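Here is what each chain is made of, one letter per residue.
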Amino acid sequence: MTTCVVGVGNALRGDDAAGLEVARLLDGTLPEGVRVVECEGEPVAILSAWEGCDRAYLVDATSSGREAGTVRRLSAHDGPLPPELQRASTHLLGVAEAVELARALGRLPERTIVYGIEGGSFDTGAPLSEEVRAAAAEVAASIRHELSERS
Amino acid sequence: MSSTRTIRTDYLARVEGEGGMLVRMRGDEVVDVRLRIYEPPRFFEAFLRGRQFTEAPDITARICGICPVAYQMSSCLAMESLAGVEVDGQLHALRRLLYCGEWIESHTLHVFMLHAPDFLGVPSAVELAKLDPALVETALRLKKIGNEVMRVVGGREVHPINVRVGGWYKTPSRADLEALVPDLEWAKQASQEAVRVTAGLDFPELEQDYEFVALDAGGEYPIDRGARLVTSRGLDFPISEFYDHVVEEHVEHSNALHARLRERGAYLVGPLARYALHRELLSPDALASAGEVGLEPVVRNPFRSIVVRAVELVHACDEALRLIAEYEEPPAPSIEVVPKAGLGHGASEAPRGALYHRYRLDDEGTILDAKIVPPTSQNLKMIEEDLDAFVRGHAGLDEDELRHRCEQAIRNYDPCISCATHFLTLDVERE
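Line by line, the protein sequences give chains A and B. The first sequence begins at 1 in the working numbering and counts up by one. The second sequence begins at 1 in the working numbering and counts up by one.
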């Protein structure tokens with residue numbers, strides 16, 4: 001089984017970097033052949049990242065009003081992703097749209113798991129908050145665990 | 001008394017940045033048309049002050065994630081022209097190649113993902129993927145090829161890091177560039193097909209008597225440089241005289257300035273203007289594509305700009321292939337640029353139209369003053385005039401259809417609102 005972990009985020013916008021942090025924690029620690037990719041969320045980059053994979057983990061920050069650091073685990077195959085994973089932009093598409101685009105094109109890996117980490121502050125230039133740093137470590141551990149169980 | 005109706009879209013979709021639209025009518029008469037730009041101002045011109053001339057390309061690139069190369073090129077050209085140096089030969093060829101990558105990426109995004117849904121009756125690229133997956137697959141691959149050209153030449157797909165005043169930090173090898181050829185050949189064919197597909201769409205009726213404005217780059221189709229601006233009504237002036245001919249003004253409903261030609265009014269920059277003014281400089285195959293679908297030499301229906309963008313896609317692929325075929329690794333990645341005090345001007349053709357930069361430097365190369373005039377702010381007044389004319393001619397349409405068509409009329413311009421609102425004149429009056 002070919003697997004890919006895609007961490008999505010903007011390194012310069014506080015807790016928006018949650019997905020990138022998970023990718024960095026996992027990079028070099030996973031079984032051979034598992035790709036770890038950091039990206040800014042552009043759908044073409046996401047679709048390219050998991051090209052040829054039958055399993056993908058997608059990690060992104062969310063902004064839903066829940067407590068900072070709240071982790072949600074969703075299967076992309078259960079239906080469209082919730083609005084907090086859609087990018088608040090009129091032009092750029094986000095993770096949810098990338099998943100829908102992939103679904104429409106038949107390019108969604110057989111098993112696609114999305115982790116959302118609720119952010120507290122998305123201020124420009126801010127570091128990750130403690131809550132999100134802890135949540136990122138928790139998500140990285142979960143993915144590592146899932147991979148050791150199933151590979 | 002006739003009733004008043006208001007057609008309003010608060011948040012325009014499929015445009016870059018934050019804007020809305022308001023059309024006010026009394027009966028069938030248009031009372032007011034406003035493209036409301038409420039994206040917050042971004043103050044780029046102000047924070048360039050005090051920075052070194054060498055920093056301008058990387059700072060201004062951040063104005064836009066879709067057309068960063070345009071900002072890099074216009075700012076480099078301004079600094080170099082002031083210093084009295086010209087980046088030419090293969091160093092220039094690489095600039096043009098990088099710019100072709102940006103045109104491919106940007107035009108693909110607009111033609112397929114942002115504009116085509118309007119014509120095919122779907123609300124988004126995701127819905128388009130369900131309706132016509134092959135079309136979206138083509139778009140994704142084309143965009144990826146544009147990205148790849150930018151990565152190989154510019155060091156990164158978005159906001160390239162390899163551009164500097166005087167040339168490059170590192171030039172690619174012949175082998176690096178030759179590896180792009182098979183993909184670019186595929187991209188050219190896909191672009192030729194895009195011309196056929198877009199030419200077959202249904203276009204709403206609207207003919208506008210535009211004054212087209214584009215750079216004149218001598219014997220080449222203007223992309224990465226141009227020393228003069230020319231218009232379809234006979235103006236022809238060096239870019240250093242930009243402000244002798246163009247007035248920028250603040251309008252209440254927009255955080256982006258509106259531009260007009262002095263004593264003439266609104267004008268149009270972008271693919272329609274380049275095509276009208278420089279059609280004969282397109283590559284033979286791009287010209288053949290235009291001919292094959294019967295595209296007239298001057299296109300005045302803004303809805304048909306999607307076809308012209310597709311023709312420019314063919315041209316950008318051809319240019320990229322030509323530049324790669326003729327590439328020889330230059331002896332040094334850059335030439336020396338010694339700053340001089342004075343006013344420097346630079347302009348290039350961003351995918352959306354001419355982008356003008358002007359910088360005042362001191363003799364140590366510190367930026368004292370910066371002016372950046374992006375294509376979208378030059379087109380804003382024309383977009384409003386298009387809306388006005390369109391609504392007058394189609395007042396009988398029902399509300400939803402009229403709103404949809406008005407939004408489409410705005411998207412004809414591929415407006416980049418984020419670019420247009422990088423400035424705001426802030427006047428403080430003290431007693």
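The set of hints was computed from the structure by calculation and includes no laboratory data. Predicted model only: the values in this text are computed from it and were never measured. Heads up, the beta-carbon is just placed ideally off N, CA and C, and yes, glycines get one too. Be a bit skeptical, because a hint or two may be false.
Restraint-style ranges between C-beta atoms, simulated for each label pair [said to hold, decoys possible]:
{"#": "1", "chain 1": "A", "residue 1": "GLU146", "chain 2": "B", "residue 2": "ARG24", "range": "55 to 63 Å"}
{"#": "2", "chain 1": "B", "residue 1": "ASN301", "chain 2": "A", "residue 2": "THR29", "range": "29 to 37 Å"}
{"#": "3", "chain 1": "B", "residue 1": "SER240", "chain 2": "A", "residue 2": "ASP27", "range": "44 to 52 Å"}
{"#": "4", "chain 1": "A", "residue 1": "GLU67", "chain 2": "B", "residue 2": "ARG24", "range": "17 to 25 Å"}
{"#": "5", "chain 1": "B", "residue 1": "GLY265", "chain 2": "A", "residue 2": "PRO80", "range": "45 to 53 Å"}
Here are some chain A residues the structure puts well away from chain B; computed CB gaps all over 10 Å [claimed, not checked]:
{"#": "6", "residue": "GLY28"}
{"#": "7", "residue": "LEU30"}
{"#": "8", "residue": "SER48"}
Not close to chain B: a few residues of chain A, all C-beta gaps over 12 Å, as computed [stated by the list, open to error]:
{"#": "9", "residue": "ASP54"}
{"#": "10", "residue": "VAL99"}
{"#": "11", "residue": "ASP123"}
Now the hints, each set against the structure:
Separated by about 57 Å at the C-beta atoms, A/GLU146 and B/ARG24 satisfy the suggested range of 55 to 63 Å. Under the hint 29 to 37 Å, the C-beta atoms of B/ASN301 and A/THR29, about 58 Å apart, miss the expected range. Distance hint for B/SER240 and A/ASP27: a CB-CB separation of about 51 Å, consistent with the stated range 44 to 52 Å. One distance hint, 17 to 25 Å for the beta-carbon pair A/GLU67 and B/ARG24, is violated here, with the actual separation near 45 Å.
At roughly 47 Å, the beta-carbon separation of B/GLY265 and A/PRO80 lies within the given 45 to 53 Å, and the hint holds. A/GLY28, annotated as away from the interface, keeps every beta carbon of chain B farther than 10 Å; the closest lies near 23 Å. With a minimum CB-CB distance of about 25 Å to chain B, A/LEU30 clears the 10 Å threshold, and the non-interface call stands. For A/SER48, the non-interface assignment is contradicted: its Cβ lies about 7 Å from the closest Cβ of chain B, within the 10 Å cut-off.
The beta carbon of A/ASP54 sits about 19 Å from the closest Cβ of chain B, which is more than 12 Å, so the claim that it is off the interface holds. For A/VAL99, the condition that its CB be more than 12 Å from all CB atoms of chain B is violated, with the nearest at approximately 9 Å. Separation of A/ASP123 from chain B is adequate, the least Cβ-Cβ distance of about 15 Å exceeding the 12 Å criterion.
Checked against the numbered hints given earlier, the structure breaks hints 2, 4, 8 and 10 and satisfies all the rest.
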